[in-house]
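Novice: Here's the letter readout for the chains.
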Amino acid sequence: MKSKKYVTVTNSNGLGLYDVAKVMTNNGHKMNHSTVRNIINRSFFKLAKNISDSYNLNYDSKKIDSISRSPEFQESVVDLLREKEL
Amino acid sequence: MAYIDKSYSDIIKNNPLLTKKQEINLSRQAKKGNRTARKKLIESNYRLVLSIAKKYHRNDINFEDLLQESSIGLLKAVDRFDPELGYKFSTYACWWIKQAALQYINENSTNIKVPTHSRLLNSKIKNKIKELEDKEGKKPTLEQVSEEIGENVNKIKYTLKSNRYIASIDASRDDEGNTLASKIADESDFVNPEVLLEKKELKRIIRESLNLLSPKEEKIIRLRFGITEDEYNNNKFTLTSEMKEYLNEK
Chain A
5 MKSKKYVTVT NSNGLGLYDV AKVMTNNGHK MNHSTVRNII NRSFFKLAKN
55 ISDSYNLNYD SKKIDSISRS PEFQESVVDL LREKEL
Chain B
151 MAYIDKSYSD IIKNNPLLTK KQEINLSRQA KKGNRTARKK LIESNYRLVL
201 SIAKKYHRND INFEDLLQES SIGLLKAVDR FDPELGYKFS TYACWWIKQA
251 ALQYINENST NIKVPTHSRL LNSKIKNKIK ELEDKEGKKP TLEQVSEEIG
301 ENVNKIKYTL KSNRYIASID ASRDDEGNTL ASKIADESDF VNPEVLLEKK
351 ELKRIIRESL NLLSPKEEKI IRLRFGITED EYNNNKFTLT SEMKEYLNEK
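If you read the protein sequences in the order shown, they are chains A and B.
Numbering-wise, our numbering puts 24 at position 20 of the first sequence, and it's gapless, one number per residue.
Numbering-wise, our numbering puts 189 at position 39 of the second sequence, and it's gapless, one number per residue.
Excised from the complex, chain A in its bound form:
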């Protein structure tokens, strides 16, 4: 289990927040690492909210925020995205 302290955790395949910021800046989207982190959090929030709505769970935004920040949720989503047979 990875640390829950950090809001975005990643495995060795991915880039660090600074590196992502650098790649994005090189591609015309000027941003720093904090912006990358905020965008990732916002994206997972959107995903979690949509899933919650789809299952009629009616979670409040605090709960959705907590789910979207959890490493378990993020890893599960990423694992699903990795699978070829979708």
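The reader is advised that the hints may include incorrect statements.
Sample of chain A residues facing chain B (criterion: CB under 7 Å; computed from the structure) [stated by the list, open to error]: (1) 27; (2) 33; (3) 40; (4) 43; (5) 47; (6) 54; (7) 55; (8) 82.
For lysine-lysine, the following DSS-like pairs were computed, each having C-alpha atoms within a straight-line distance of at most 27 Å [said to hold, decoys possible]: (9) 53(A) <-> 366(B); (10) 353(B) <-> 53(A); (11) 349(B) <-> 66(A); (12) 353(B) <-> 50(A); (13) 274(B) <-> 53(A); (14) 366(B) <-> 34(A); (15) 205(B) <-> 288(B); (16) 205(B) <-> 26(A).
Worth flagging that the hints you see were computed from the coordinates, not collected in a lab.
The C-beta atom is built at its ideal place from N, Cα and C for all residues, glycine as well.
The hints should help you fit chain B onto chain A, whose structure is shown.
Specialist: Using the frame of chain A, we list chain B on its own:
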């Protein structure tokens, strides 16, 4: 005697059996604190220890250890034997040796320590079950066994449960070396259809959810988690050549 320690067999060879008179004399001297007499009495009765240890030896017990433990019984017998009662030493010693041997077996034959009295009751129950089975031609009920042995049913149940044979899942079970673990079907690939359906549904929802993300957000998630185009064939998640180069450099 080839499988026992050479020093042990030498002691047996060099110490012939004692007569009753010799036993009494040595024992009296030992009682007075004569260490040589005590030693002689012990060494002359190693033969008895060997004979009893052989009787109790089983495959799962180390014979050398059993012999040593049985010898402790002999030492106890030498210290406690009263020559004035007029009995032969071996008559008294054999019970101490048997007790020591059984104690060792009970404590070391399985990984779980079960009290000796429970082991003895278990063997009594098993013998009674076999006896009743032979007599009546069918397996007796616990009530019948309880009546015959004079113990209550719950105690019999508990004793049988606590003395069950323990098999290691990794232990070799046959001549080909197949283990129990290898014979158990590997169901790690088995997926419950309901779970599979739920998973598919969840995947569909996540896929739909991805449309909610802007191209910039998608790119960032993709970079952050190392999801490449090859792994996930989704046109919305394409890597630019610069990004690919950057990833390769890393």
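Novice: Now, for every hint given, state plainly whether the structure supports it.
Specialist: Results of checking the hints against the structure:
1. 27: 5 Å, holds
2. 33: 6 Å, holds
3. 40: This interface hint holds because 6 Å falls under the 7 Å limit.
4. 43: 5 Å, holds
5. 47: Residue 47(A) check passes; min Cβ-Cβ to chain B is 4 Å, inside 7 Å.
6. 54: 4 Å, holds
7. 55: Since chain B brings a Cβ to about 6 Å from residue 55(A), closer than 7 Å, the hint holds.
8. 82: 5 Å, holds
9. 53(A) <-> 366(B): Distance ~19 Å between residue 53(A) and residue 366(B) Cα, so the pair holds.
10. 353(B) <-> 53(A): Given pair residue 353(B), residue 53(A) holds - Cα atoms ~15 Å apart, limit 27 Å.
11. 349(B) <-> 66(A): Holds, at about 25 Å.
12. 353(B) <-> 50(A): The hint holds at about 15 Å.
13. 274(B) <-> 53(A): 67 Å, violated
14. 366(B) <-> 34(A): 11 Å, holds
15. 205(B) <-> 288(B): Measuring from Cα to Cα gives roughly 31 Å; hence the hint is violated.
16. 205(B) <-> 26(A): 80 Å, violated
Going through the hint list in order, the structure does not satisfy hints 13, 15, 16.
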